[in-house]
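Mind docking chain S on chain V? Use the hints.
Sequence order for the protein chains is V and S. For the first sequence, counting from 1, position 15 maps to 16 in my numbering; every step adds exactly one. For the second sequence, counting from 1, position 146 maps to 854 in my numbering; every step adds exactly one.
Read the hints as simulated data drawn from the structure, not as lab findings. Remember, predicted model here, so these are calculated numbers, not experimental data.
Have a look at the derived ranges for each label pair, beta carbon to beta carbon:
#1 S:Q984 to V:Q7: 35 to 43 Å
#2 S:A1189 to V:Q7: 55 to 63 Å
#3 S:R1038 to V:Q7: 47 to 55 Å
In silico negatives: residues of chain S with every beta carbon more than 10 Å from chain V:
#4 S748
#5 R838
#6 D968
#7 Q1022
#8 R1037
Glycine residues also receive a C-beta, built at the ideal position from the N, C-alpha and C atoms.
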Amino acid sequence: MPTQVQLSDDDVTFLLSVLRNATTPVTTQQLIDALRNRAR
Amino acid sequence: MLSMEQTTNIAFAGSVEEQRIASAIFAVMRAQGRFMSSDSTIRVSAESLRAYLTDVESADVAAQLDNAINANPAVFGVSELGGQQIIETTRGGRSPRVMGLDVSHSFTKRFMTPLPKPEVPERPVRERPRVDPSWATLDQLLAPLDADDLDFDSESDPISAPIELIEEPMVFDAPIIEAITPDAPVVEEEFPVVDVAPARTITVPVAPQNDVAGVDDIDLANAISDRLVADSRVANFGDQWMLEDQVPRFSRGDLRRLKDYIQEQEQPLTDDVLVQDVLGIRPTTPDFGLMRFAVNFRLSREHREFDFVGTTNQRFWSTSNLPQIGTTRRKPNEIGSDYRYLTDELSEPAAYRSVTSVDHVVSFYEYYLGLLPYDGDLKSLLPAPLLPNQRSAVLTFETPQSYTTYLVELRYPTPNRGGFILGLDDFFTENLVPGALITIKRTENDGHYLVEFLTAGNQSGRLLELEDRRQRYVFRPTTYACGVEDSYLLTEERFPNFGSEKPLDEKIRRRPESVVAATFERLGHKSDTQGFWATFADLMAAVNIERPFSDRYLRSILENDETGAFARDPDGSDAYTYVPGTTP
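Looking at chain V on its own, in the form it has when it is part of the complex:
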């Protein structure tokens, strides 16, 4: 059974910084891409 993914505090802080720098609404897919790009 696959374990459910949970974001860490570090991930949430990163997502908040992404939102803070955005001037228009950000889609969930854009947030996912941002998380993936950070991991690279």
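Chain S only, in chain V's frame:
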């Protein structure tokens, strides 16, 4: 015309003779420039003045011209032009001054060459408040004191013990102030060096950064949603996110104008329309997307005033007192109760928007009320509710064959009521008959669908109708040009006993078994025993006159009836029998 000569009294300098010559020269030059302005330069060559003086007076007088000029620099000026000496003056009797525009300081130049930015002195570094270093050694000072030493004896409670007052006068043995002599040697006391321990810091264990490379997009989206939805700093609507404090806010007046506009239009309106028409922001402006999100997010917080009735691509907003979309012949709650059986059928999981088109046969019940059931087929075609507590969604159904677009309302199922789509009355009445086949196709927009019917040549027949005024079923000659499913067509030849019948009483209607029993009797096929028989196709078409039945639901009633009134007919192929008097 009145003319007045302007006289000028000038006190010439020099000798008397020079004053006289200067006056004569000035008079001549003034006559030369009699039409000039009082400060314009009058120029006469020295040669011509000498000639004038020679002619008028004598050569001796002319020889004194230079002296007279030089004696009056305030009146005459001398310049050189083309090798000739030029005498200059003005009608006002002043030596002409050099006239020119002072461009050393102009407004334009001031703007073009601004002053350099004044230098701001560097701000002094603010001293940070620091914890006194002596506190850093507190733990070392407290270390010798074991916890056992701090145990208080309950009997010698320091609080309850009486306080003894010391009445002895305090006597100082040493003088308080000693005379300080400058020659006295200063004894420097050496203090033991104490090692200062570094200040304690609390280290919070930081959750490690997730490795999201191997995580599915859907799982990651769920994880993001789980964390950010609960965060009050984040604004969310659908799959869009922003920081809450960056979302524009609306005043009470703005909200009232939005509500009034929806009520004026008498139908739900999309966020695009509201942003353009009420807030006056054009789609080409950069703020349009932001304001659209602001409308959706802020209105979603106003639960009492606004209802979200849209989809992801078509975000409709409604207010509480808008007229109902669709039929008023039956209340939506009653229709939902009629479709209650769908809640059991929909319990099987069906993916939203997993199919591209759905075919459907319109029953008499659906035709009369202008609706479609939200069954498994339509669930797999239509979108899921965008918001958690969304009860309905307004969709647009376009019929390319009649060039019309209808606003329909999808009522999502509740735990005890089935779902359905309202608002197709006009489309059905103008184009179809009960039993018609329609196809509903999805588009890229999850709120917009295409509805088509099979076109066929003109056909005629006496078809069943419910006369509204008399509330009786009648057969009327009807001409139609749509493809029909013959087993659902309610013609007089198949169901003659329905003519002049009244709709069933609401008490009978409420019980599906009673409706099936009444339908057996209306069909009127008496069996050899004391009962009725009917084919399943006839029953299916006829029971759907009074209330909705699906194929599966009707068969479950016929085969699982506890009273034993219904049974499968062993002689007929797919036929059933009914024995009256056994149904409650």
